[in-house]
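Start from chain G and add chain Y according to the hints.
Here the protein sequences come in this chain order: G and Y.
Start counting the first sequence at 1; every next residue gets the next number (this note's numbering).
Start counting the second sequence at 1001; every next residue gets the next number (this note's numbering).
Worth double-checking, as some hints may not be accurate.
Short derived list, chain G residues pointing at chain Y, Cβ under 8 Å [said to hold, decoys possible]:
# : residue
1 : A16
2 : F20
3 : K30
4 : A33
With beta-carbon atoms standing in for the labels, derived distance ranges [said to hold, decoys possible]:
#  : chain 1 : residue 1 : chain 2 : residue 2 : range
5  : Y       : R1178     : G       : K30       : 23 to 29 Å
6  : Y       : R1178     : G       : V5        : 37 to 43 Å
7  : Y       : R1169     : G       : A12       : 49 to 55 Å
8  : Y       : K1157     : G       : M1        : 17 to 23 Å
9  : G       : K30       : Y       : V1120     : 29 to 35 Å
10 : G       : A12       : Y       : W1108     : 40 to 46 Å
11 : G       : K30       : Y       : V1035     : 40 to 46 Å
12 : G       : A24       : Y       : A1055     : 26 to 32 Å
Partial chain Y-side listing against chain G, Cβ under 10 Å, derived [what the hints assert, rightly or not]:
#  : residue
13 : V1024
14 : S1093
15 : R1099
16 : S1100
17 : K1157
18 : V1159
19 : L1202
FYI, nobody ran anything at the bench for these hints, they're computed from the structure.
Since the structure is predicted, the reported quantities are computational estimates derived from the model, not experimental observations.
From the three backbone atoms N, C-alpha and C, an ideal C-beta is built for every residue, glycine too.
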Amino acid sequence: MTYAVAAYVLAAVIWALYLFSLRARAVRVKGRALEGPR
Amino acid sequence: MMTKLRIGLWTVALLMIGASLWFVVGAPVEAQMGVVQKISYIHIPSATMTLLAFALTFAASIAYLATRAWIWDAVAASACEVGMVFATIVLVSGPLWARSAWNTWWTWEPRLTTFLILWVLYGGYHIVRSSVAESSKRTISSVLGIVLFVNLPIVWKSVEWWRGSLHPRSVTMTGDMRATLTFSMMAWLLFFAVVLWERLRLEVLQNAAETAVREDYAGEAGKAARREGVAR
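With the rest of the complex left out, here is chain G (with noise of 0.2 Å):
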């Protein structure tokens, strides 16, 4: 039982960060592309 919930919760945790990641990259991306040449 244990390791099957262990399972469920890693994979969600896995997922969850992956998706935060995506969003921080768009809008470091989005922000980079509004600074314009340095």
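Relative to chain G, chain Y alone:
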């Protein structure tokens, strides 16, 4: 229009994932393995999506080398990255199942070993992609995307090609279990599609930002050259 479609697809995908988890809870408990067998409802779809993503990387890499259209390289890199996430979940959920089934977290048997090699090699794809020069990034990535594909049939056939494989070749399931697995597979396939779209959007955004910056630089350089010309 596209935003509405995106939000709609995200909603359907998340609802399907939620429903699949609900079905997993309600699915019959396997007689021998017990509740731990329910790990297979996330392990098998994740493994399938990994192979699908890397196969897409292979196809898009060929398309890039044939057409030189940057979007194919973007598709290849995006699919490869999403595939790596699925592969990581396979490598995390597998040992949790193995601890109950084989009484060990890890064993160097053919399927596990070849899958770990696959994960390391496709991880290398991203390392190489981020370290080579911008001018050759797309070509080198595409060549890698094609070469690394050799691993997929090896992983797929490893349980047949090598003796002493502990990993099950196929899973015997009752009607309810099979229905749950099929639904989970469809839910994760849709989720894969929406995450891939999201990752592709980031690649498009990056490309647009880089182009804009390059044009700005060209503009600034042009103005500076004209100023110098006027001064002379």
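Per-residue hint verdict: V1024/Y, partner chain G, C-beta under 10 Å:
holds (8 Å)
For the restraint on S1100/Y, tell me whether the closest CB of chain G is nearer than 10 Å.
Check passed: Cβ of S1100/Y comes within 6 Å of chain G, closer than 10 Å.
Under 10 Å is the threshold here; is the Cβ of K1157/Y close enough to any Cβ of chain G for the hint to stand?
Hint violated; K1157/Y Cβ to chain G Cβ min 26 Å, cut 10 Å.
Can you let me know if the beta-carbon spacing of K30/G and V1120/Y is within 29 to 35 Å?
holds (33 Å)
Was the hint right that K30/G lines chain Y, CB cutoff 8 Å?
holds (7 Å)
Interface hint outcome for A33/G [beta carbon to chain Y under 8 Å]
Interface hint status for A33/G: holds (4 Å vs cutoff 8 Å).
Hint check for V5/G and R1178/Y - Cβ pair distance inside 37 to 43 Å
Distance hint for R1178/Y, V5/G is violated at roughly 23 Å.
Hint says 17 to 23 Å; check whether the CB-CB distance for K1157/Y and M1/G agrees.
violated (34 Å)
A range of 23 to 29 Å was offered for this pair. Does it hold for the Cβ distance of R1178/Y and K30/G?
violated (45 Å)
Is the distance from the Cβ of A12/G to the Cβ of W1108/Y consistent with 40 to 46 Å?
violated (29 Å)
Any CB of chain G closer than 10 Å to the CB of S1093/Y?
For S1093/Y, the interface hint holds, since the closest Cβ of chain G sits about 4 Å away, which is under 10 Å.
Restraint check, 10 Å cut-off on beta carbons, for L1202/Y near chain G
Hint holds; L1202/Y Cβ to chain G Cβ min 5 Å, cut 10 Å.
Checked against the numbered hints above, the structure violates hints 1, 2, 5, 6, 7, 8, 10, 17 and 18; every other hint is satisfied.
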